[in-house]
Every structure is written in C-alpha cells, then in structure tokens.
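> From first to last, the protein sequence lines are chains A and B. Under the working numbering, think of the first position of the first sequence as 7, with each following residue one higher. Under the working numbering, think of the first position of the second sequence as 38, with each following residue one higher.
Derived from the structure by calculation, the hints contain no laboratory data. Accuracy of the hints is not assured; some may be wrong.
Stated by the list, open to error - Below 30 angstroms or equal to it, Euclidean Cα-Cα: the simulated BS3-like pairs (lysine-lysine) are:
(1) A:Lys59 / A:Lys73
(2) B:Lys62 / A:Lys73
(3) A:Lys73 / A:Lys40
(4) A:Lys40 / A:Lys17
(5) A:Lys59 / B:Lys62
(6) B:Lys62 / A:Lys60
(7) A:Lys73 / B:Lys101
(8) B:Lys101 / A:Lys17
(9) A:Lys17 / A:Lys59
(10) A:Lys17 / B:Lys62
(11) A:Lys59 / B:Lys101
Claimed, not checked - Using C-beta positions, here's what the derived DEER-type ranges look like:
(12) A:Glu26 / B:Thr85: 20 to 30 angstroms
(13) A:Glu26 / B:Gly93: 22 to 32 angstroms
(14) A:Asp44 / B:Leu115: 15 to 25 angstroms
(15) B:Ala80 / A:Pro55: 40 to 50 angstroms
(16) B:Leu86 / A:Arg69: 17 to 27 angstroms
(17) A:Ile11 / B:Ala80: 17 to 27 angstroms
(18) A:Thr18 / B:Val71: 21 to 31 angstroms
(19) B:Glu59 / A:Asp48: 13 to 23 angstroms
(20) B:Ala80 / A:Lys17: 17 to 27 angstroms
(21) B:Thr69 / A:His57: 34 to 44 angstroms
Unchecked claim - A few chain B residues that don't get close to chain A, going by computed Cβ distances all over 12 angstroms:
(22) Glu56
(23) Asp68
(24) Arg91
Quick reminder that beta carbons are idealized off the backbone N, C-alpha and C, glycines included.
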Amino acid sequence: MCANIVYEWLKTLQLSQYTESFVDNGYDDLEVCKQIGDPDLDAIGVMIPQHRKKIHDAVHRLREEEKEAAS
Amino acid sequence: NLLVEHSPSGNGAYRSVNEWLEGIKMARYTDTFVENGFSSMDAVTQMTLDDLRRFGVTLAGHQKKIMNSIQEIRAQLLNGMVPL
Chain A
7 MCANIVYEWL
17 KTLQLSQYTE
27 SFVDNGYDDL
37 EVCKQIGDPD
47 LDAIGVMIPQ
57 HRKKIHDAVH
67 RLREEEKEAA
77 S
Chain B
38 NLLVEHSPSG
48 NGAYRSVNEW
58 LEGIKMARYT
68 DTFVENGFSS
78 MDAVTQMTLD
88 DLRRFGVTLA
98 GHQKKIMNSI
108 QEIRAQLLNG
118 MVPL
C-alpha cells in the first residue's frame, strides 16, 4: 500500500489522474517527490501550466515541512 | 515445455537490457546504457548510482526505479532464483 501515499498527496491537489504516471516514473513516495522540478514533470507528462504550478507549490511545501521538522 | 520455461519469480529473468528496461518502462534509456558499455544484464548488475548520474539519467524518480530494479535482480541472483 506504499504507492498510495502519492495518490493521497495528488488527491489533495485534485490531481490524482497523474498517479499512475508518477508511479511509473519512479515517483512513488514523498521523499522522491520532494525532488520534482520541471524536467521531472516533463517526463511524467504534466503539461498543463496550472497543474505544474500546483505541483511545484506542493513540492515547495513538502520541503518546508522537512526543514521545520529538522529544526 | 511452457510450464518449465516459466521463470520462478516472474519478473527477474530478463534476457537483454532492452527487455529489462521495457519491463520497467524505462526503454528510453536503452541506447544510453548500451553506448556506455552496459549492454548485458551481467554488466547492469554491477551498475552504481554514480554510473547512472554520469551518463545522464538525472531524474530522481528514474534513478530510483532503475536502482531498485537492479537491487531486486541482484537479490534474485544471490538467492539462485535466476540464472544469468
């Protein structure tokens, strides 16, 4: 059930339609999702600008949470 | 005999680098692997994350997927499940 964490994350962004593509490209946990940038979204096939922005913002939040947890 | 030819694990007995990469949906890297000397499954099992980075597999998800698969293949080899 560990692939579902990415599904849950994408669902909160209302972008769960990309789950399969995320997992197929190896983005199957939040640790690896924290490293997502434009080239990753190109490979996954997220082409709609609003969707890309939503994911960029969410990745930024994941990184912030990590920083807070570390401090 | 079809029954005998079935691989015991179902996913480890890749005969070529191309077949393996297609199996994990990373076939876009077949040429890259072959050009860099990883043209057999034997060579692939020796591959490291640094090798991947060096020849331009830069996406974190793809690195993860390829390295996970290599580790599975190594484990199956150690367990004697798949002859290379």
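> If any of the earlier hints don't hold here, list their numbers in rising order.
2, 14, 17, 18, 20 and 21
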